[in-house]
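Chemist: Here's the letter readout for the chains.
There are 2 protein chains.
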Amino acid sequence: MERSTRQRQAIREVLLELDRPLSPQEVLDAAQSKVPGLGIATVYRTLKGLVEEGAAVAVELPGNPPRYEPSGKTHHHHFHCTACGKVFELEGGCTSDFSAMAPPGFQTQGHEIVLYGRCADCR
Amino acid sequence: MERSTRQRQAIREVLLELDRPLSPQEVLDAAQSKVPGLGIATVYRTLKGLVEEGAAVAVELPGNPPRYEPSGKTHHHHFHCTACGKVFELEGGCTSDFSAMAPPGFQTQGHEIVLYGRCADCR
DNA sequence: TCAATAATGATAAATCATTATCATTTTGTC
DNA sequence: GACAAAATGATAATGATTTATCATTATTGA
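From first to last, the protein sequence lines are chains A and B.
Residues 1 to 123 in this note's numbering are what the first sequence spells out, letter by letter.
Residues 1 to 123 in this note's numbering are what the second sequence spells out, letter by letter.
Hint data in this document are derived by calculation from the structure and do not stem from the laboratory.
Honestly, I wouldn't trust all of these hints.
For identical chains, the list gives no copy identity; a pair is met inside one copy or between any two copies.
Listed below are the simulated DSSO-like cross-link pairs for lysine-lysine, each with C-alpha atoms no more than 30 Å apart in a straight line [unchecked claim]:
id : residue 1 : residue 2
1  : 48        : 34
2  : 34        : 86
3  : 73        : 86
4  : 73        : 34
5  : 73        : 48
6  : 48        : 86
Using the sequences provided together with the hints, build the complete structure.
Modeler: Quick look at the structure:
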């Protein structure tokens with residue numbers, strides 16, 4: 001049986017409210033303002049559960065442990081701030097035909113684009 | 001003093017010959033056919049040295065430890081085979097203006113593109 | 001309200017990649 | 001060839017993230 005707890009609610013809310021891919025630690029920091037005393041273990045457990053039930057997806061970026069965002073978003077890419085380390089979601093789809101970039105005989109199934117730079121707050 | 005050893009030669013050769021970003025383990029596997037008994041520690045040490053002297057660069061891909069390729073290549077991107085796990089270099093530069101994808105106020109400094117799919121051998 | 005039990009939080013343990021240690025081997029110089 | 005020192009290889013140690021454990025707490029259905 002799955003129970004509704006303040007901790008899980010807070011973690012779900014944080015993912016929706018901050019609206020960018022969050023590391024487990026970022027989730028903890030944000031959710032602790034809603035639920036003081038929240039532990040990191042609960043964050044990991046809950047994120048894992050959310051992914052399993054399809055409510056969240058893991059976002060893998062180069063050189064970093066996975067971050068998490070709500071599922072159901074349209075195809076999009078990410079901006080990784082080299083100063084504060086935050087990852088932001090990019091609006092707008094991709095128009096380029098990336099399949100053409102693959103060598104002959106290769107079958108392209110998907111792609112990932114990451115922009116690096118400074119976010120508005122860090123400039 | 002820096003000495004020329006069979007191990008370092010083999011590792012350098014492997015990076016040049018295979019011509020794709022290699023994980024330390026891939027380097028070990030390939031170089032052991034040239035130098036039986038080669039140890040993983042030497043691979044890590046040598047790769048680190050090659051990066052420090054500018055002869056190789058680390059390639060970071062989502063969800064994977066860094067891979068290594070010779071430095072000096074022109075700007076390029078990578079193809080990650082979802083079947084065998086090998087990473088390949090893509091020919092051809094990128095024409096799109098990725099800076100335009102960033103939100104207002106963001107400063108884009110660079111980008112990374114990774115295609116996912118099946119390589120010619122795995123289809 | 002109560003009992004059953006799922007969930008939590010603190011922390012120990014597990015993982016995995018990478019680095020440090022050190023006795024031994026190999027390289028470069030005289 | 002001999003010597004000094006760098007390099008190697010085996011493996012222990014490290015660091016960082018994630019998971020397991022377990023006593024305690026909180027939720028849910030009766």
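Chemist: All the hints need checking, so say for each whether the structure fits it.
Modeler: Verification of the supplied hints:
1. Taking identical chains as interchangeable, the C-alpha atoms of residue 48 and residue 34 lie at most 30 Å apart only when both belong to the same chain, with a minimum of 20 Å there against 44 Å between chains.
2. Taking the closest pair of Cα atoms, residue 34 and residue 86 come within 30 Å of each other only inside a single copy of the chain (21 Å); across copies the shortest separation is 44 Å, beyond that limit.
3. For a Cα distance limit of 30 Å, the shortest separation of residue 73 from residue 86 qualifies both inside one copy, at 19 Å, and across copies, at 29 Å.
4. With identical chains, the CA atoms of residue 73 and residue 34 are at most 30 Å apart within one copy only, with a shortest distance of 25 Å there and 49 Å across copies.
5. With identical chains, the CA atoms of residue 73 and residue 48 are at most 30 Å apart within one copy only, with a shortest distance of 18 Å there and 39 Å across copies.
6. Taking the closest pair of Cα atoms, residue 48 and residue 86 come within 30 Å of each other both inside a single copy (21 Å) and across two copies (27 Å).
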